[in-house]
Amino acid sequence: MGSRRAARSGGPAAPPRPPSPALSRRTLSRRTLSRRALLAAGAAVALTGCGASAAAPSGPAALRVGAIPDQDPEVLQRVFGTVADAVATALDLQVTYTPVTDYAAAVSLFRTGDLDLVWFGGLTGVQARLQTPGARPVAQRDIDRAFTSVFVVNAATGLAPSGDLAALAPLRFTYGSPTSTSGRLMPAWFLREAGVDPDGFPGGPGFAGSHDATLALVASGTYEAGVLNAQVWRARTAEGAVDPAVVRYAETPPYADYHWLLHPAAAGRTGVPDLHDRLVAFLTGLPPGDPVLDLLGAGAFVPVQPGEHDRIEQVGRELGLLR
Amino acid sequence: MTALLDRPVAPAAPRLRRDRRRWAWGLAAAGLLVWSLAGAGLFGGGVVNPGGTAQVGRFAAAALSPATDAEFLGVLGRSVLVTVGHAAAGTALALTIGVAGAALLSRGTGGRRRAGRWAARGLLAVPRGLHEAVWGLLLVNVLGLDPWVAVLAIGLPAGAATAQVFAALVDEVPRGAYRALLAAGARRPAAALYGLLPPAAGGLLSYAFYRLECAVRSAVVLGMVGAGGLGYQLALSFASLRWAQVWTAVYALAGLCLLAELGGRAVRRRLAAPPPALSSQPSGRRDPVLTAAVVGTVVLVAWSAWYLALSPASLVSAGTVEQLAYVGGAAWPPATDGGLLRTIGGLAVDTVQMSVVAVAVALLGAVLLAGAAARPERPTPARRVTGALVRAGLLLLRTVPPPVWALVALFVLRPGVLPGALALAAGALGVLGRLAAEATEELDPRPRAALTALGARPVATWLYGIAPRAAGPVLAHALHRWEVAVRDTVLVGLLGAGGLGALLAAELATFDWAAVSTVLAAVVVLTWAVDVVSDRARAALR
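So the protein sequences, as listed, match chains A and B. According to the working numbering, the stretch in the first sequence is residues 263 to 585, in order. According to the working numbering, the stretch in the second sequence is residues 67 to 608, in order.
Treat the hints as calculated values from the structure; they're not laboratory data. Keep in mind that a hint or two might mislead.
[Stated by the list, open to error] Here are the simulated distance ranges between beta carbons:
#1 ALA456/A x GLY412/B: 21 to 29 Å
#2 GLY457/A x VAL382/B: 51 to 59 Å
#3 LEU381/B x ALA456/A: 49 to 57 Å
#4 ALA384/B x ALA500/A: 48 to 56 Å
#5 ASP505/A x VAL165/B: 39 to 47 Å
[Said to hold, decoys possible] Covered stretches of chain A, as calculated for chain B (at least 3 residues, CB under 8 Å):
#6 349 to 363
#7 439 to 453
#8 470 to 480
#9 576 to 585
Keep in mind that this is a model prediction, so the values were computed, not measured. Using N, Cα and C, we set each Cβ at its ideal position, and we do this for glycine too.
Okay, chain B solo, but in the shape it has when bound (with noise of 0.2 Å):
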């Protein structure tokens, strides 16, 4: 699951003039959306069913009093040490799988010709176009009860990202200091690693902390197919709806997450601006805690392999090599009956209108509690206590999985679209509505100052002091949630809400390999098609 955006690039300067390519953006979103919102039969009427009022009752009411007797919280509590170990070894395989997928796409080495950039964009488009969810059940497929299952879900499609992002930092590091190097003499990959690496090194440092966060959320879901740790605990309670149980569970996950937010926000926010008393010191000194954060991390990692045993063995086993043999040999060629793809077709518009539908209501969600959520420079204390319920608001939102939120969505609503698309429109709105409150509260706060001096009352202080500065980042963290939430219509439709999902789920119940790979192919496009429209929307935005 996914992907935060890292911290909005800084705004140019206002440029007085429009743009027409807005113009045509915001008429095509406006048109999918209403498209959206009909083929999810919010214009036909009789989408609610009350009768499952009371089970949402239940749910809602068990977070009051989640289940703490002592041995259900001890089976958590080893839970968590094993989702912190699928976490931690699933980063430190996708960092390793970006520093090298980064070689291959960074303009210094790999991409230099035209021809690697792509053939590397192509080959890690795969892993990043397919849910950790769907890896995860293809690899028990072939490893069968291994930690290695959880590792590489996390590790491959995280891994991917890293990739693009990492070979992103280094292109953008000034050159001088390696046509330097290379005009002395030194090879190229020497000179990368002495001209470009260096002046990378904090924004590759801040990226992989933001992606121990990820990755922390990513355990949970893999959990949720069967993988192990706190989510096969929350997959249980909530099979048998033992819902004190499972609040209880996401209280864990919701501190889980928490901690790994606070911890690489922090090591972020200190890369960003180091104290004053270390920068002004002579060249050469590091800084203690960031030190301290990497070697922990460090140490983390070995942790975990120690913990989960993890053999490399087992990965070429001969058993292993068996059940890849299997399953390649039935997966391969892919169905291509027709039947198959219209079905594929008319399930991939179902898909694209869930994850619209999803984004446009946690955006509208976001803007409505972005202030609220914000952290205003001179709190009150009612202010005070309002922020932070909001903010744990958020918080619940982004920590329950999907799959809870569609079940729960399929009590009070009739099934289709609809359930599926408010399952992830609540987590898209935890992760928008902390970005948008903190879009806000890095905005400028003069023009806000002035108009309140001038005797703005605070609704036009908003509207035109914040929204049309706030309005672009929280855009452009709208349109990178959308790529997220195609992905994210697998896994809930996997567990039952609709969608590409559900045919996946069915032909992987039938083991219909062939017909797996069609589908997963459809996934790969569909997921690949909505990265390059969200990517040129963005880019009008800018």
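Just chain A, same shape as in the assembly (with noise of 0.2 Å):
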């Protein structure tokens, strides 16, 4: 069903068909592809993807990338795009990138079996391992096991930076979505630890759904404060894209972010057994100044220890985020 449904429903670039390596090679050179045409093999697929897992064609098919919409759905698709290139490449496999449209989306996709790696965020990670037992861990960055997030305000409020949350509190307030790990779960607990109630701004807290959402909205004051992912702050400031109406206010001390969960189905469906060793080995093993490493801001990839993500779990429970 897959290839009929793809071709017909809005034409993918790469139609999935059996692979033969040189023509797979070129089909699947992404970057060759213009961005929008990758958008449109991602809308194809987005509604056309084998619905379950049991209506799988019987052949190898192919792995399907997915990934939190933590900012601009262009970045995304550029920085994905070059994943399924690279992991296509590297594993000789058909890969496609699907873009979803919220957070949820990306959890409820991989346990429906209609993603098979997916890039998550901490709790949307737990989640989904939660919802999906067999989902293995494949790799995080080096930064993610320190990641940080960034509270922001707007220049009109006259706060300078400073380490005292409690300022923020009579501020009109924005999350980023609201099961993401640094735009919402770390940061409301840090102000809770620092003696603000997450959740008693005027007016109850805003949720912008993703982090480009909260700077514009902070940059229009229509919220006062917000707080979003601190890669995604240093890479806008870097660019010159941040309003300067957005002032950094404070930083959040560390805690453990994204990693790369493979589903346990996805070995079976692509016909390669040793699938979860295999990318393992190839994400740990790209060499310093890769693209896929530079698009993704990380300096190596690094196997996820057991573990790693308690912390958030158990910040995930106590803030209600996680049942």
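Got two chains here, separate frames each, mind docking them using the hints?
Structure (structure tokens):
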């Protein structure tokens, strides 16, 4: 069903077919394709992927990569299109990237088996593992062991950078996505540690949806303060894309965040029995300066240690974001 | 999303007495409005946030320079096909459910007994009470990335609405033929098929085409929650605040909606008033235009099923059953802790206030714009241009999805009930403005002409010649929009603008299924309550 569906539903650039090495290289050379064609391919897969795993074709199927939509979809497309390309080349597999529209959808689609390999945040990764028994972490970036969030304020508040989170309590405040680790969970935790009720901001906290949206809404003054992923903050600052009205106020202590998670059925679906090990070997073996590492802002990929996300799980339960 | 009302029922001959009930309803409506405006913080001041005007300016400026690069247009072209496929297949499903549901509800068949009718109504209230986007989000959790998600999400709520309308249409048919067939010994189904269906066929067909128009808009909203097609492209461009691309998608969508509206309206007009050449001919001749429309639609539905590769097998596959058991098991029993119920109570108030403000603003706008939007009998060129511009503006208002309006409103307003209300008001104004214009066009032109001939000024002509008779149908449309707005509050809430939708989004994000079922139950009850109140108010207007 896969290929007919894909071909008829908006024409992905690379309709899944059994890969012959030369052909698959060419059709999967994602960088030669345009950004928009990629979006089309993603959309086509998004609507047409082979629903339930039981309906999957018997031959080797494409590895479906996904990511939580924590920033601009076009940025994600560039990053994960490149990742899909690199994995396809290294493992000689069909790989497609499927953009999703919200964090919960990424978790649900991983559970239903529509996504095989997903770039999750700390909290969404824990959610996905709790809902999908047998899911295994593959790797994380070196920076994910000690990730941070940045609190920003609108310049009109007149607040000078400081470590005092209590000063944020009387402001209109927005988080990113409700289940973002760096845009909600850990900032809420550190706010609580500082004696601020993380849900007690005037009018209730907002949920901008993504880190970029948080920046836009704090820039407009709709919210006087907000919090986002420190990596996105640094990237946008370096690009000069941050509105001068947005000022960095404080940064959180470090915590563990993003990681790759592999679906238990992925090895069977793609016909690669040692898929997990090969993915770990490929990712951790990337040389410094590899485009994949650069795009993800990492120095290297490292294996995920058991218990690395226990604290996230514990904090998630305490804040009522995990059941 | 939905429903434009069908053409208003022809106004009955005016009765020369004042209806006391109308005073009561009017006072209650005024009280509700003041309470809602107060809730939206309009009397407290400080709702405006001038810092965001630059961002709104960027949004508005992009309307004049939409993205036109070939790649993006190519992507949009394919997305349009997907959206059309979703809309057509969804409508087909809605009509199938509608026919089956009507058979259960109609007095001639299943609804003969009171208990049966009530049971069927209760069964249909659930799919109707939830927004398509909510269905979409729930179905993604069971079906994953299957095209059935969009088709079912359009088809289930629309099917329930269709069943009620179909049943009402069949019930209105004179029963002579049906009774004669029964008396002659025909069984009930056969008697209904030959005695009730043919006279109702025109109305049923007309409503079916109206449903197709609605489905196009629904398909786009579903795209925004991830089901693919035009709405999905729009959501991706919207998430990266690429306004030029958002506007291109909006224009493509406006074109699609316009096509559906024009086509649907042409078919409905033709049904309402067949050309004299056909009506004078001996009975049994079919109208070739209508036959072509029906055949074309059937072909379109078949093409959609093929293009989307809808496979009935994926609905009953082991994986689907497993996911359904997972979600069902987690969602039952619904959460009943006091804290959650109190939160729901508070947010239900927000939701009602949001919808009331939205409809009040839309009604005010519609009354102001109706005159300009209506097609005058003897138009001057200036009047023609103004009319076309206003109508195009109304089309854009109802085409830009509410979540986009919500974000734009959020740039210049403080967070709260108001941005959501204004986002809904924009869409509601787009629909109400058009309906109000059509209501004025259809009025008997003679009183106005008489007043003008007597030397009345235009304002007086409007006040005494048009307003009194247009008020009834326009208010009825506004009350109907209120129901729609309550359902839509969930949509803007899902994407961030407060009310029960925001709570639903939070519970869905944390996968607290027991709380999700409680919130959904609250939404269904609230929608049903508003439905009943609006229905009573409309009865008082008649």
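Taking the hints in turn, this is what the structure says about them:
{"no.": "1", "hint": "ALA456/A x GLY412/B: 21 to 29 Å", "verdict": "holds (27 Å)"}
{"no.": "2", "hint": "GLY457/A x VAL382/B: 51 to 59 Å", "verdict": "holds (54 Å)"}
{"no.": "3", "hint": "LEU381/B x ALA456/A: 49 to 57 Å", "verdict": "holds (51 Å)"}
{"no.": "4", "hint": "ALA384/B x ALA500/A: 48 to 56 Å", "verdict": "holds (49 Å)"}
{"no.": "5", "hint": "ASP505/A x VAL165/B: 39 to 47 Å", "verdict": "violated (55 Å)"}
{"no.": "6", "hint": "349 to 363", "verdict": "holds (count 4)"}
{"no.": "7", "hint": "439 to 453", "verdict": "holds (count 3)"}
{"no.": "8", "hint": "470 to 480", "verdict": "holds (count 7)"}
{"no.": "9", "hint": "576 to 585", "verdict": "holds (count 4)"}
Of the numbered hints given earlier, the model fails hint 5 alone.
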